[in-house]
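*Asks:* So the protein lines, in turn, are chains A and B. Each residue of the first sequence is one higher than the one before, starting from 1111 at the first, in the working numbering. Each residue of the second sequence is one higher than the one before, starting from 1111 at the first, in the working numbering.
Simulated from the structure, these hints should not be mistaken for lab results. Where is the CB? At the ideal position from N, CA and C, for every residue including glycine. It cannot be assumed that every hint is accurate.
[Unchecked claim] Okay, the calculated beta carbon distance ranges per label pair:
| no. | chain 1 | residue 1 | chain 2 | residue 2 | range |
| --- | --- | --- | --- | --- | --- |
| 1 | A | Pro1147 | B | His1359 | 47 to 55 Å |
| 2 | A | Ala1139 | B | Gln1235 | 50 to 58 Å |
| 3 | B | Gln1235 | A | Ala1338 | 26 to 34 Å |
| 4 | A | His1359 | B | Phe1146 | 47 to 55 Å |
| 5 | A | Arg1131 | B | Gly1297 | 24 to 32 Å |
| 6 | B | Thr1127 | A | Ala1274 | 50 to 58 Å |
| 7 | A | Arg1236 | B | Ala1210 | 41 to 49 Å |
There are 2 protein chains.
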Amino acid sequence: MNTGALIEQFLAQTLRTVGGRGGPPKLSAAVHHAVFPGGARFRPRLCLAVARACGAREAVAALAAGGAIELLHCASLVHDDLPCFDDASTRRGLPSVHRAFGERLAVLAGDALIVLAYQAVALEQRVEAAQRLQLVALLAEAAGMPHGIVAGQAWECESEAVLATYQRAKTGALFAAATAAGAISAGADPEPWRRVGAFIGEAYQVADDIGDAAGCSELLGKPTGRDAALGRPNAVAQLGAGAAQRRLHELVAAAIDAMPACAGEAELRAKFLSATEQLLASRLARPAA
Amino acid sequence: MNTGALIEQFLAQTLRTVGGRGGPPKLSAAVHHAVFPGGARFRPRLCLAVARACGAREAVAALAAGGAIELLHCASLVHDDLPCFDDASTRRGLPSVHRAFGERLAVLAGDALIVLAYQAVALEQRVEAAQRLQLVALLAEAAGMPHGIVAGQAWECESEAVLATYQRAKTGALFAAATAAGAISAGADPEPWRRVGAFIGEAYQVADDIGDAAGCSELLGKPTGRDAALGRPNAVAQLGAGAAQRRLHELVAAAIDAMPACAGEAELRAKFLSATEQLLASRLARPAA
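The shape of chain A in the complex, shown without the other chains (with noise of 0.2 Å):
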């Protein structure tokens, strides 16, 4: 099975053990509509990589690991489109979560997929306790206070914020958190990838503002011109288009040089350049008509 297919299949069963067995009905459909479709599930598949790049010889413990991070990505994105925040009416191209199923299920279903999420890593049976409280305790680091996803959200609050600060928790936690699983789940030191999936993540925000900025809304599946529309900060906004795309290769090349001696080396700088390639394409097209 092919790792997109291996993530699809680990999130449906996840999704399926929980939910169902008497539950209430709309909870276990605002959870599913958040989760599936996906999106490129880009966090899953760095965690996958890294993990195999380290010479993990099984995909258990990096396929719980990536999965719970798409799974408290998922739920950041609906509580992030929310009303109160960015009163998103599109997502992935359909409906976001309170727009198909109601605010109040929108804030249940954000708090149930972060729940979800360390179940999907403590219950793995298969992995050892060590790792598996290894694992919890980054996925915890990597959502909560002080520097998770949470409190990069919580940065659009303040008043004043360091740019950097608000990216590299709103962003880059859950790309930092991918690495370092990945490392976890292949018994390596996760410390150095951190610093790889940090720099991978602040590309990744750089390639969302260039897609932002070039207003390719349908092909994203969310609004675009938001930030514009947000007065938030932009790198195109900043940069200009030609200096952003230049800033987005150096922070690859900037994530190829923090990557640690591994196995799997080569292979893996080689699809970090590939997905720039393609991130990079999928941002800067424009729909058809």
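We have chain A; now place chain B onto it with these hints.
*Replies:* The following block gives chain B in isolation, referenced to the frame of chain A:
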């Protein structure tokens, strides 16, 4: 140090560990506002009492688990008070979190508290790894889908819900988790204790219904008469005041009956009975003027 002080100290310490350190200050303040000053801290008290009754030699595991359950409880209150749910203006005699900090920070504070609950248990190095994982799984079950507190809240969004199923999830789940966690902390079998907790949770729900109907808003620190206003089920409305009180005592008796044999059985039984009297008295008391 007495139990109450131990619990406050644990909660304050947990918030300090992840708050501050360069995170967004308003989020830290909102989380603090959600946790302090607390209510009766019933759930962690119950967890510690069961751990002691089961012969736990140390309070560390029960304190972490009970504290985590209290954090999940606080998270659910913050989200439950949001404008899209109960739109409550006060909680524990103070402005609710969204009134004090705005809706966005209330959503995020709830999210951060859920994450914090897992952190509190997962990072407690003094507790054996297998035990910590068992507690993390228990927390997830009590919080999430299909039968945890988030699911309980989601039953309010369904057009049809079985009252007992709703209440078991909305109120019972955290009480059942508190007793089960107490047993796990002492190395005892959690299953029979789960039933004890479920009865206590049901009793607590009835006591709360009595308080809501009696209308002692000043004492409860939150608006009363809400069940009637929101068209929600209330034991007093269904059974009458006298029968509701009898039902409360029956449920406490059922909890005591369900208790498995343990070292501190007699003491715990006495504690349940005196706590019931206190709870009932507080719920029936009316403000001086």
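*Asks:* Return the numbers of the hints above that this structure violates; sort them in rising order.
*Replies:* Structure breaks hints 2, 3 and 6.
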